[in-house]
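The task is simple: from the sequences and hints, build the whole structure.
Protein chains in written order, with numbering that gives the first Met the number 0: chain A, 0 to 155; chain B, 0 to 155; chain C, 0 to 155.
Check before you lean on any hint, since a few could be wrong.
Over 12 angstroms on every C-beta distance to chain C, these chain A residues come out as not near it, computed from the model [said to hold, decoys possible]:
id	residue
1	Met-24
2	Glu-26
3	Thr-27
4	Ala-40
5	Gly-41
6	Glu-44
7	Arg-58
8	Leu-85
9	His-88
10	His-94
11	Thr-95
12	Glu-97
13	Ser-114
14	Ala-139
To give an idea of the interface, some chain C residues facing chain A are shown, with a C-beta separation under 8 angstroms as derived from the structure [stated by the list, open to error]:
id	residue
15	Ala-21
16	Asp-22
17	His-59
18	Thr-60
19	Met-84
20	Leu-110
21	Ala-121
22	Val-123
23	Leu-124
24	Leu-126
25	Thr-128
26	Ile-147
Treat the hints as calculated values from the structure; they're not laboratory data. Ideal Cβ placement from N, Cα and C applies to all residues, glycine included.
Here is what each chain is made of, one letter per residue.
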Amino acid sequence: MRTVVGRLSAIERVTAELIATADLMVETRGEGFTEITREVAGFVEQSGGRDGALFAYLRHTSASLTIQENADPDVQTDLTTALRMLAPHDGPWIHTTEGPDDMPAHIKAMLTGVSLHIPVRAGVLGLGTWQGIYLVEHRATPHRREIILQFVGSRW
Amino acid sequence: MRTVVGRLSAIERVTAELIATADLMVETRGEGFTEITREVAGFVEQSGGRDGALFAYLRHTSASLTIQENADPDVQTDLTTALRMLAPHDGPWIHTTEGPDDMPAHIKAMLTGVSLHIPVRAGVLGLGTWQGIYLVEHRATPHRREIILQFVGSRW
Amino acid sequence: MRTVVGRLSAIERVTAELIATADLMVETRGEGFTEITREVAGFVEQSGGRDGALFAYLRHTSASLTIQENADPDVQTDLTTALRMLAPHDGPWIHTTEGPDDMPAHIKAMLTGVSLHIPVRAGVLGLGTWQGIYLVEHRATPHRREIILQFVGSRW
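The structure is reproduced here in structure tokens:
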């Protein structure tokens, strides 16, 4: 038998009551990371949500959502470099009509994803100390991006 | 202080009431993308769900679920090419008993994921204009794949 | 018109009532996979949850959560190899103050993700036959990792 690897805390229980939904529009400045932690936290606060989870969904296929380090901006530079290496502009792509940055942008979006959730406790996002929520723009030029935010859980 | 990067819409609130669950069985034709948007939308409609979120979960480790471009089929070809480059058949893999396409399939599934959610408003999936929902088969041969679909939210 | 690609089962409906939340602390042994399926299943059982979904969220940026093959341990070895190839220690990274394994760990976390969900039916996780839930440590040394587990759904 495998040994128990983790230690579980006490369980908190609440009644599911509320689903709150809103759109967040973000203007990007071209390829790179835009932190949206404050905006997402503001939504949770305004929603009246207490305990539950925050769901974020990006309505695009050439940008993505990710949770990443919020301390050293160099990390974001390196993450952008890594994505360029994994999906190079000069790859053997056949979908090239929208420019050399378009197909790599789709590949990056597939690898990093457009949907995520974060737990909420007492109205506060359960992010780790060094975690921030980021919209990652994969296209070279600025774009207007739509995110649907939802809170599912209990009310205050 | 960082400037506010996004603009938040008004928040819609409903009562969480319904969790609806069903299985979707999909026959793939081997490596590549199978669009399941219509089937997922049909589930949401049949579930009686109004506002909330759709959750999809794939019960396999050599295929995955992704949201991607639904306009130009060349994008799917290029995404398949990209995955082959990231997880090549001739990599230094030691798990080779199930064939040269098996371990690359596990790697591709790890990179692209088996769970995702999509917001639902007034019974309609909140997909972006160019987004489709895809089951991505990573094995070379046809497989029967099981997806668990769930709606969490309010009723009509 | 595209043909229908999937077959949908009957839909089960329950009332959303319960959100249960707990922390799972896991001690890793350095780079590699730690299975937490038993711990997550134990949480669902203890939560009193019946039908709904389990949400897991990892509060770190240099480790991740993934669903993967639980049969042959060689798969985990190969997945670790694949991640090393995708995010090599000797890449052109500028964030190097925390050691050569740190920036690759962030890249691996971005590619594999920190949030996932699994459906629950009659208190049982809807995992496929060969699926296990894993915490993937990307740092070279042992770390203490925090996971927030949540059940959203109906009660027994």
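Verification of the hints:
no. : hint    : in the structure
1   : Met-24  : holds (23 angstroms)
2   : Glu-26  : holds (23 angstroms)
3   : Thr-27  : holds (17 angstroms)
4   : Ala-40  : holds (15 angstroms)
5   : Gly-41  : holds (20 angstroms)
6   : Glu-44  : holds (18 angstroms)
7   : Arg-58  : holds (18 angstroms)
8   : Leu-85  : violated (6 angstroms)
9   : His-88  : holds (16 angstroms)
10  : His-94  : holds (20 angstroms)
11  : Thr-95  : holds (24 angstroms)
12  : Glu-97  : holds (23 angstroms)
13  : Ser-114 : violated (9 angstroms)
14  : Ala-139 : holds (20 angstroms)
15  : Ala-21  : holds (4 angstroms)
16  : Asp-22  : holds (4 angstroms)
17  : His-59  : holds (5 angstroms)
18  : Thr-60  : holds (5 angstroms)
19  : Met-84  : violated (11 angstroms)
20  : Leu-110 : holds (6 angstroms)
21  : Ala-121 : violated (18 angstroms)
22  : Val-123 : violated (17 angstroms)
23  : Leu-124 : violated (15 angstroms)
24  : Leu-126 : violated (16 angstroms)
25  : Thr-128 : violated (18 angstroms)
26  : Ile-147 : holds (4 angstroms)
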